[in-house]
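Here the structure of chain A is known, so what remains is to put chain B in place on it, guided by the hints.
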Amino acid sequence: MPRPTPQPNVRVVTLRIDDRDLSAREDETLIEVCRENRIPIPSLCHLDGLSVWGGCRLCMVEIAGQGRLVAACSTRVAEGMVVQTDTERLRHYRRTIVELLFAERNHVCSVCVSNGHCELQSLAQRCGVDHVHLPYRQVPYPVDSSHEMFRLDHNRCILCTRCVRVCDEIEGAHTWDVMGRGSDCRVITDLARPWGESETCTSCGKCVQVCPTGALVKQGTSAGEMVKDQHFLPILARRRHAQ
Amino acid sequence: MHLEDLAEQAAHYRNEEAHIEREVRVCVAASCQSSGALPVLDALKSACDSRGAGSCKVKGVGCMGLCSAGPLVAVADKECDLSESLLYRDVTPEDAPEIMASVCGAPVERLLCPTDQPFFSRQQRIVLENSGLIDPDSLRGYIAVGGYAALIQALTEMTPADVLREVTASGLRGRGGGGYPTGLKWSTIAKMPPGQKYVICNADEGDPGAFMDRAVLESDPHRILEGMAIAAYAVGASKGYVYVRAEYPLAVERLELAIRKAKRAGFLGAKVADTQFAFEVEIRLGAGAFVCGEETALMASIEGLRGQPRPRPPYPAESGLWGCPTLINNVETFANIAPIIREGGDWFASIGTEGSKGTKVFALAGKIQNTGLIEVPMGTPLRDIIEVIGGGIPDGRAFKAVQTGGPSGGCIPEAHLDIPVDYDSLKTLGTMMGSGGMIVMDETSCMVDVARFFMEFCMSESCGKCIPCRAGTWQMHGLLDTLTKGQGTRADLARLEDLCEVVRATSLCGLGQTAPNPVLSTLRYFRDEYEAKLLGDRAP
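Each protein sequence line maps, in turn, to chains A and B.
Counted the way this note's numbering counts, the first sequence spans residues 1 to 243.
Counted the way this note's numbering counts, the second sequence spans residues 244 to 783.
To be clear, the hints were calculated from the coordinates, so they are not data collected in a lab.
Predicted model only: the values in this text are computed from it and were never measured.
Treat the hints with caution; some may be incorrect.
On the chain A side, residues computed to face chain B include the following (Cβ under 8 Å) [what the hints assert, rightly or not]: (1) R57; (2) M60; (3) A71; (4) S74; (5) Y93; (6) I97; (7) L100; (8) L101; (9) E104; (10) L134; (11) R181; (12) G182; (13) C185.
Built from N, CA and C at the ideal position, the CB exists for glycine as well.
Okay, chain A solo, but in the shape it has when bound:
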């Protein structure tokens, strides 16, 4: 990863988010400022320490004077910006997106090893999803248990690509990638070979820890037992940059 160029002349701007006046460095994104100030912004693909992806579209916010919604993870702050993060319209969109995810693959929480520790599950609860209005897609996908320590269940995957990014950007192995199109996209190891046969995987387990759902888990866990720890990521990422 290229070392970030030092920017001694970064200015500080003030902006207004949800009727609160805040200050921010001009190279910060909206989601960073919100998280810093404990303004909850949902996201399933963004993770502090990884590159911006902009895929889940849950962090969409309204900016005064702009007709279009913007994704908070990929939008830089600007002087005088007025942002709304929690309007009626946004809540409706977020709930619909979460429902789209539930209907897309098999997310049956009661039998999931990540039950109770799943970002998708807790987000659905926060968005008030009590049932899914959309028809379920019900396409079965394989489960890859070939790795001696970890397991990949495509049925629980939401294609956030956190695993792809952490493996490439932090571990430097680039074992993971994405193949296919549309709803049939799959994360793959090496050139779509079983994970256990991967020649690039270092078995570091970072992909498992950053996975927001029960798609990537440790072998031998039972329903509700898979607890993930993502604290290492920002620390590791900052040390990388500081070198």
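Quick look at chain B alone, frame taken from chain A:
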């Protein structure tokens, strides 16, 4: 090289052909080839040889426009009036001797295709000015009609700022669909600090029923190279890419040949026309993903990455290919550049409407008499395009709607046919200019089915990166499928409309944001057809 040298060259090439009494032009673009133009070309060549050496010439040329009447053959006799060539339609190899034997004033009546019909007379050709006249494989042919003069003029007589001024003054807007002012885009990239910059020609034409870019590349490939080189000079780029879909093998072949010949002749390379300006062009082939026509996905694909879009900003003008400032324009946009430099920006701005200048190439397809390629000034009423130029609907059926803008556009009903076609007027109708595909539908078309078709297209072309597009198009397609089968309820219709809004507002790239347009526009104008298909009238 100076303009005078080039003019001398052009005159020389024209003189070489001066002794030819009869020129026979056979359309060898993809459409006519598929209806058998190559055997016709061979047959005419051997008929020409037997007629006597030197007096006649048979050459393959680019698209003449009226694809539905292909293979097309044009015959120009010097003893008649050279400007008025005869056009023959549906020619077979067996007709060749008869065509060759026919004399001036006594054409082969049964094959004759009148050239004074509105299809030809109502067009104004700028982008297609050489199309159907010159041999796309011949650099000499291009130079003979004034090719590369605009590039030499720009390099030797104009500063980059002069070029930018002309392009800005022309009012040209991006022909890929968005309609972003070309001059503004160029100026932005020119203003970026000096260093590596790129010029990309987007030839990943993927809309169903659109074939404008293919025809331009197949008919006049040097024109694109010239436009790109002028652009590179104006913005300070030294490297260009043409991203063309691999499904256009003929266009790729002709473009490759054109690049080789232009390089050998010094119109591309380290010292373009003996000036200090350097410009190289490479071809990159698309692997069949529609989303790669989106600029950020296209650049990812050129870089060798998975072809999927990324959030903008940063825009390509600031951080594009490999992080460098990148100018990315459509084929037709580049095809307009040489005439703008040659004739001046004000000339171009005098054509078209207030907000949309110049002409636009449209591909007429579907239920229309004259299927093919046309070029008309911006502001031409839609009714003229369909009923006069297009010749109306075949089989005595009634017109129902015309679909513009491909899967991102919408359908326009009979009631709005008198609207003058430009970027802004189409937007008010809930559709868009798009790249120029026009699919005409008659009374037998079911509009719910049309919406379902386009949604299926978007669903299978979604890259899968963002959730609203990936899962939303699947859901909308399912709902439309249920509706077309007459099994949908009022609640399904409400859900469809709701999903349209979510997908439009939250998708990452243009493909997702505009995927609901075919549904929204058919709902706007043909809601009764949706209602008629509902199962019972249950409350949502």
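- prompt: Measuring from the C-beta of A:S74 to each C-beta in chain B, is the shortest one below 8 Å?
  reply: holds, 4 Å
field: Hint check, A:I97 versus chain B [nearest Cβ-Cβ separation less than 8 Å]
entry: holds, 5 Å
task: Let me know if the C-beta of A:R57 comes in closer than 8 Å to any C-beta of chain B, holds or violated.
output: holds, 4 Å
query: Holds or violated: is the Cβ of A:L134 closer than 8 Å to a Cβ in chain B?
result: Given a least distance of 5 Å, the restraint on A:L134 holds.
message: Would the hint on A:E104 be counted as holding, given a Cβ-Cβ threshold of 8 Å to chain B?
response: holds, 5 Å
query: For the hint on A:G182, does the least C-beta distance to chain B fall short of 8 Å?
result: holds, 4 Å
message: Just to be careful: measuring from the Cβ of A:L100 to every Cβ in chain B, is the smallest value less than 8 Å?
response: Holds, about 4 Å.
field: Interface hint compliance - A:L101 to chain B, C-beta minimum distance less than 8 Å
entry: Where the cut-off is 8 Å and the nearest Cβ of chain B is about 6 Å from A:L101, the hint holds.
task: Could you check if A:Y93 really has its C-beta closer than 8 Å to a C-beta on chain B?
output: holds, 5 Å
query: With a cut-off of 8 Å, does the beta carbon of A:A71 approach a beta carbon of chain B closely enough for the hint to hold?
result: Given a least distance of 6 Å, the restraint on A:A71 holds.
When the least beta-carbon distance from A:R181 to chain B is tested against 8 Å, hint result: holds, 6 Å
- prompt: Holds or violated: A:C185 as interface residue toward chain B, Cβ cutoff 8 Å?
  reply: holds, 4 Å
In summary, the structure agrees with every hint in the numbered list given earlier.
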